[in-house]
Structures are given as structure tokens and as C-alpha cells.
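A.B. asks: Residue numbers (full-length UniProt numbering), protein chains in the order written: chain E, 1 to 275; chain S, 1 to 273; chain Y, 1 to 204; chain U, 1 to 292.
Don't read these hints as lab results, they were simulated from the structure. Given the structure is predicted, the values throughout are model-derived calculations rather than measurements. Fair warning: there could be bad hints in the mix.
[Said to hold, decoys possible] Facing chain Y, a subset of chain E residues (Cβ under 8 Å, in silico):
1) 75
2) 104
3) 105
4) 107
5) 112
6) 116
7) 218
8) 233
9) 234
10) 239
11) 240
12) 241
13) 249
14) 252
[To be verified] Computed footprint of chain S on chain U; a stretch qualifies when at least three of its residues, placed anywhere within it, have a C-beta under 8 Å from a C-beta of chain S:
15) 57–65
16) 71–84
17) 188–197
18) 208–214
[Unchecked claim] With beta-carbon atoms standing in for the labels, derived distance ranges:
19) 94/U - 46/S: 40 to 46 Å
20) 21/S - 173/E: 44 to 50 Å
21) 246/E - 44/Y: 32 to 38 Å
22) 250/E - 254/S: 41 to 47 Å
23) 192/E - 94/U: 52 to 58 Å
24) 246/E - 19/S: 56 to 62 Å
25) 92/U - 76/E: 38 to 44 Å
26) 48/S - 95/E: 52 to 58 Å
27) 141/U - 89/S: 51 to 57 Å
28) 96/Y - 94/U: 44 to 50 Å
29) 95/S - 144/U: 26 to 32 Å
30) 95/E - 143/U: 55 to 61 Å
Think of the CB as a built atom: it goes at the ideal place given N, C-alpha and C, for glycine as much as any other residue.
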Amino acid sequence: MTIFNFRTARPVEYYRKYLEQDVRPDGRDLGEFRRTVLNIGCVTTADGSALVKLGNTTVMCGIKAELCKPKTETPKCGFIVPNVELSPLCSPYFRSGPPGEQAQVMSQFMLEVVNHSKCVDLESLCITQGKLVWVLYCDLLCLDYDGNVTDACVLALLAALKNVCLPTISINEETENPETDLTKRVPLPISSQPVSSTYAIFDDNILFVDPTAEEENLATGIITIVTTDDKLCLVHKPGGSPLRPEQLTNCFDRSFDRSKEISRLIDETIHSIDR
Amino acid sequence: MPTDTRRIGGPEESFSPLAYTLTDSIKTLMVSSNGIRNDGRKCEDLRKMFIKTGVISQARGSAYIEQGETKIICSVYGPREVVRKEEFSMKGQLTCEFKYATFSCSYRRQHQQDSEEKDFSVQLLEALEPAVCLHKFPKAQVNIFVEVLQNDGSALAASITCASMALADAGIEVYDLVIGCSMKIHEDKVLTDPTINEEYDSQNSKQLNHGSLTIGFMPSLNQISAITSKGEIQIDFLKRAMTDCVEACQKIYPAMQQSLHSSIKDKLNASER
Amino acid sequence: MREMTCELGQLTRCDGDACLIQGETCVATAVYGPTEVRMNKEILDKATVEVVYKSKVGLPGCAEKMFERIIRNTCETTILTTAHPRSGINIIIQEMQNSGSYLACCINSACLALLDAGVSLKFLVAAVTCLINKEGDIILDPNSKQEKDGKALLTFVFNNKDFNIVTVNTKGSYSSRQFKDCTSLCKTSSKQVFEFYKNLWKSC
Amino acid sequence: MTLGADLTLDSALGQNKLKAELGTPAPDKDDKGRLEFFVDCSANATPEFEGRGGEELASEISNMLIRVYDCPGCVDLQKLCIIPKQQCWILYIDILLLECGGNLFDAASVAVKAALFDLKIPRVTVTQDEGHVELEISDDPYDVQTVDVKSSPCIVTLSKIGHCHVVDASQKEEACCLARLMLGVSEHGTITGMKKEGSGSLDPSSIDDMLDTGKRVGIALNKSLLEALEEEQRQGKKKGHTGFLRSEIKEIQTDCEIVWAEINISGSRTIKVSLFYRPPSNACLALEEFQQ
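Can you build the whole structure from these sequences, using the hints too?
C.D. replies: This is the structure:
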């Protein structure tokens, strides 16, 4: 029976044989992420944009800034509206039409990452208190769904937010309606860098990082850890096989190294653009 | 519009800063006297083009095209079973979905498909249908999904080329490739492959002979599979524009062949390894 | 921990139900035991667990969908799904009053409703929420007022077999040392919840 | 203010209602009015229009109409604007498809042109006092503004069957044709919009001939339509509402209160309907006259 039939017929045994030697079919060991490619500012019609390729998984984030009235109870705060689009373009499993359950859960996850990591201070989006604030529509478009879209989305959103340049708005006194000056652009102050790393649990005890789509289907549990600089910001393990607390905590160090890797990658890419 | 509860909702209504720009767009001359356009191209020059197939691992076939600043990605799935079981038909079914990304144009677009995108989906379908051998996959369906990442003019034409490359990459049997090309008719000049600010805008263009023309052309069969035009144009100008457009398609054809050639070569030595 | 009371078996039409009150937070859950399932959701060797979360006011949005996803995955690991292949287990959660540590109350009431419905479970689960406030000390089972000005909110779900972590959902920034303290504190307090289950069962 | 133009092109029966309303202009077209098309395929045309069946065809017709009317020369939108950037007339054109016997696009465009010809918008006077603007719409029926429709286009559909192309294809002809070219032709022969429809392809030379015939037919269609509209307008209201082509028969005159009407529906014999009032007092006298 050739390797290919064995892999399609009995995927779990196939994986178990590999994982016993702490290596995966595509050659990566348990703690190794796929090659991450980052491209910032690829769409000029958006106010901020980024493209992330995590192995085959590709996510593009475009941010459009618009003006609106703030909510009465938070007159100084602007809005950040993240939405994940899992279009039928990226995988045969998705159908066209309104977003499915997974897309909604991911959009909610991105909203929680933005709110709890406080990467953008909402008050910095305020133009005139109580009258006019910025709203950043962050649309994350998944172009190729090969597992672990969450990490790619968080990275794409962060890189796009760093790329945002808002035009200056002046309120002219008599008519009170805003005037935009597209030439003078102000970058958005980013106060922290949320970086997410996702682990898959296999056979209740083996943990490996950055699962592909195939590994995600075989996994019996998924953990997503979002770290900001040296603090934990969001740990999300929805069900799946139970874990001893020690297993969970040694994931944290891997996540902290990952956040260093990512911040180095972002700075390199931003430097390569500025030059 | 009823609030869309399946997405994170922002404020009720927001407006784009572009609506309040002070600098009113001064009417730049579209074509200078000696026939040079704003971005330095002559009237019949195409923009720089980049085509790559096989960009999406999950799709049966995919293609990415960059025509100047217009960036479009397309994926093809199928032949797979038809979801809604209409009547039985020996011919296969082709469906097309054209979508602007919300950040692709200067004004933000909606997540749901609006009437222009529906119109483009139908035109894209009718441009590709004559080229596909539908009888080769009876009772099955081939889905084409096109997403415009950045729109800098002639999005429909570029998406026709991109979709036919994706079909070829997917190994769906086609009689011929379909090349999309669009022209802007400006008084007596015909501008090939217009950018977004050169494109026809019904409101601030003058009376006669201002319009745009988009053609889907099958090079080896020398057939036109799709033709649409906008704006008021005299007949002989229209005919001249059509012949120029067919010539422009002939110029695009070698680029597509070369890109398909190289992608098949990669697949061959990938499978040898 | 706040004082907990629960009534089981109030509703007649469903196979099992529980209305759990934890402090002022109150959640009602109904379980429809192994029933038939729609064709496209059917799994051949397992039961399909479906959770529908109904908030008190407003249309279900993405936040409710996230709730449903967490509770569904937690219940999927607790239920012995291979015992009822090609069938569906529907859990309907209705928010009655949300005043603090709300996710924990939902998971506990879902577990009690499953018990009441007699669905075969691998183990029981107990959910505990703790809060890290501005000064950095940890408050167990916070009410909504404390939650508002807290720095971080952590929710843990333990099983009663070997007290491993089934589900974790945390919000807000904290250090990993604080995470370890919260885990141990919640583990000890989950024993109280299991006690509550035991004598609740004895009483009715 | 609603105007109606019932059109019975023998192949497709189209009803067309046009409502002019005040509204704000679109952001980027701030000194012009707007045309809004809405096509509704009613289920009594064919069963497959039930529910959402007719939606695709409806959106195709409305897209084609938008494309054809989307050029500055066709309808003078400037006159529809009352106050730039703030107030303008928006014309909502609703097309109801009652029976489809092929060639729907031409019928729809002719109905739209007829409705626009018949359109009367009340005069609006703008009074500007201390800052805010007063709009006052005159309600006397004759103080109206009409839209100049002469240069607005009609759609001509050329269906390619085998090697030749036909105009105004009936439903059967449409079934056996693979490709159709739809042209919006204005009265002096310029093309205001064009679209190829259908799953076949055309070679460039046949497109050129189609354009020529389309132009010829378009000019003829525009001319004859305008004559018919003017002729109907000259007869004014005397002619009565040509709904389902009913007319009053005057020759049978008796002195009892009786009214005859003759209704002829295309494709079937004519029906004579009469209304006779028998006064309660002298029953028999009225009956004898009735026999005459």
C-alpha cells in the first residue's frame, strides 16, 4: 500500500507514526511555525493594508477609515470594526452568502483581541469630542484556507494597523462640516503588539504548533494564546481534550518566543518599505 | 438597510472623508496634444502586466493578475455536484461570482453584492461560457470566484483574463482562452486599458463620443465572446474601437501563454521530484 | 464563591432542564436528548452536539456565536458522543439574569441539564471564574460591579476525573505567574462546585 | 404624481408607472437629478417567475436600462435639479412585466420612453429667507415642467440565428438563438449602450453588420414611436384611456339611460358590455326601448 493510500485511508495512524519521532509529515518539528511572509501597504486604495502568507494560508487585511458620530456614552472613543471574510474563494468548504458560524466566531475573536490588547487607544481616534470620530473598518479577507487562519489574521490586522495613515481633518467654523486634507497624513499610534500562536492537541497529549488544515481536522483540541510584548492577553481553549495545567504553561514560553520573532519580522518589513 | 447581525456592526452611518476634500479635482487634460496620457503611455499602450497561476493551494485552479495597479485574484472549484437540484441537464453548469473587496475602491464598498457586481458577474459568465466545453462535465457545476483586491480601472476586462487563466490552470477543458480588454473612447482618440480616472464617468463627460468599451476575445477562434459599451458613441468610432481592442487582445495573448507555459513546467518538475 | 441554588426538571417538554442561580446570575438550560439530526449535520460514528444561546434582549450576533462555540465544544468533550451515533443532542441556553461570571454559570447549568437528561457523560465539568483587579489580587466568582473595573477576567473549566483543564477563556492582560495562581485557586474552588452537584443530586 | 403608459407591443405587454419624488442627489453627482429603474416580473407572465424566479431577468433588464440611459445626452438631468447638492427630482420608473412573448428589453425601453414623454412634473419655486430654504410646489395641474425625451434611446435587440440576425425575435425565435446583441439607439443613430447576451459567441464581422441594421431599425423605431406619442397627445383626453383598448360605442342611441362599451383584447374576439338603468316608476316603457 503506497504512502499516499495509507495517508488517505488511515490519516490518524499515519500522523501518529510521525509524531512519535517528534516530527511532522511536512518536515517541521512540533514547535516550528511555517514560513511567514509579510507584505505591508500592498493596496493603495486602502488607508492601511497588509498581506500575510503563513505557509499556504494567505490573509489580506485592508483598513478603510471613515468619519462618524461617536456613541453618546463614550463621546471621546472612535470605533475599530474588524470583520473576517471566509469567502468561497479560499476553500471548497465555504458557500457564498452571509458569513457562516466560523467566520462570525473569528470576527468576534478579532474584536476581543483588539479590545483587550489595547493595541490602539480608541481615544486617539477622536477628532472633536462628541461630534466627530474616526471609524476604522478592518476587513480581513482569507484568500487561501490551509489551517491556522487565526494567527495569520491577527498578524495581518496588526501589520495593517501599523500601516494606517489618517488624513488630517479640520472643522471649518461656520459651516461646521469637516474638511479633509489628503496630503498631510498622520500615522496611527500603536501602543502594544498582540501576537497569537495556535496549538493543536493530538491524541490527548501531543501538542504541536501552527496546524495545517489537515492537522486541524485530525486534532482533538485547539488552543490559541495571544501575547502582548511580555504579558498574556488572551488564552482561548474552547473544549477539546483536557490538559494538565503544566502542559498549558509551557506553551506560554513558546508563545513569548513567537511574539519576539513576529515583532522582528514586522520591523524588518517596515524598514524595507521605508528605504 | 437592516443591520447585518452576522457581522460586527460599527456605527449606524459613516461617511467617507473623500466627500469633504477641499481640493476639487481640477480637470486634468486626459490626453496631451502629442498623444501622451497622464501616466506617460501612448494611446494604444497597455499597462505593465503580471499573471501567475496556481496561487491558491486549496482551489482546483487559481490565477492572480496585476494590470498596472488593478489587482485581481480568481479561484475555480469543481466540477462538483450541484447544490440546488434544478432540472437534469446533459450540459454542465458554470457559475460566476464577481466581488469587489470592501477596501478595493476609493469609496468603501459593502460586503453584500450590489447591482453593479451582479451585472459584472453575469457579463463574466457570458464571456467565459462560449469557451468552456460544458458537455464534458454533465450534471456537475464549475464555480468561478473573482475578487478584486485593488481597482485602478478596467476591472471587468482584467477579471475575464484572470478567470480564463484560472480555468486553464484548473484543467477544465476549454476551446480557447478568453482575453479581456477595455478601451476608453475620448472624442476621436481611443485609449487602451484606461486607469480609474481615465475611465468613462457619465456625469462629467461631455456630449458625444465619450464612452467605454469592454471586449472578451477568443484569440485562436477569432470570436468575440463578450462585448459591452457605455456612453454615446457613433457607429464608425465604435467599429474602430473594436478593431483596436482586438489588436490589444492579441498583444496580451503571448503574456498569458508564457505564464501558463512556465506554470506547467513547474508542475512537471515538481511531480518528478 | 457565591451561594448557588438550582431547580431540575421544571419543564415538561424537554428531556432534561436546569435553572441555575449563582449569586444573582441565573441561567436556564434545556436539553433535548438523542433526537434525529438534519442530513447535512449528521456524523456517522458520533452524536452531533448543537448549542443554541438565547440572550435576554436583541438579535443573536457574533458574541452569541462565540458563546455557542465555547459551550458546544465543552459539552462535546464531556458527552460520550460515540454512545449515540447519527443522532443529535440539542442544548438550548436562555439568559435570565447576567450579573457577573456569566460564562461559568452557563457551563455549569448546561452540565446539570445534561445530568438531568440522563445523557451518558465521560466526566462532570465545573466552571469557575476569577478576576484580577487593578491592585493585582485575585477575586473569585466576581459579580458584575467588580467585573466592570477589573483588569483581567479568567474562566476555567475543570473535569472531576483528574482536575484537568477542559476549557479556558481569558480576557485582559496579566502575567503568566498570575495565570498559574488563578489556575490553582480555581482548581480548589471547583471542588466546592462538585460538592454542590453531589448534594444537589442527593436532595432531589 | 404618477403617470401611466400601458404598452401593448403585440409580443410583450408592459405596464409602466413613473413616480417623481423630491430627494437629495447622489454624493458625486450633486447638480443632477436621478433615474431609478425597478423591474418586476409578475408571476402571471410565466409560472417560473414565481417567488424569486424573475429576479435575475428583472435585474438584467434594469441594469441594461441603467446602462443605456447613463449618458449625458439622453435625458437632460440638469433640469431635474432644484438646489445643487441639496434637493433634486428623483424619477422612480417601475416596470411591471405582465406577459412575455420575447423581446422584453425593447418593449421595456419603449414603455419607459413613452412614460417619460407623458411625464409632467409640477413647478417648484424656491424661496430663500434668512438662511433656510423654502420649497413650494405649485398644485395647479397646468403649471408643469416636462422632460425632453426626443434624444432618449430605445433598445434594439438583434438575435443571431445561424448566419443571419433578426430583430424583434418572438419567444420561439429567441429559444433557438445562441447570442443576442442589445443596442441602445438614440434618434440620430448613435449607440448609447451595448451588450452581448447569451452563451454563444459572435465573430467581429457579423457584429459590424448587426450594428448597421441596429442603427437603421433604431432610427425608424424612434421616429415612429415619437409620432405615435405626439399623435396620442394631440387627441388629448377625448380618446379615453386606452387601457385594454376599450372604446365607447355611440351609434346605438336610444333615449333610455344606457351606455355601451366595447372591449377588444388582443388575440380574442371583442366583448360588448352595456349598462342599462331601469327607472323604478315606469318599468314597461323602459323595457320596450331596451328591446329596440
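A.B. asks: Could you tell me which of the numbered hints above are not met by this structure, giving the numbers in increasing order?
C.D. replies: 1, 7, 20, 22, 26 and 29
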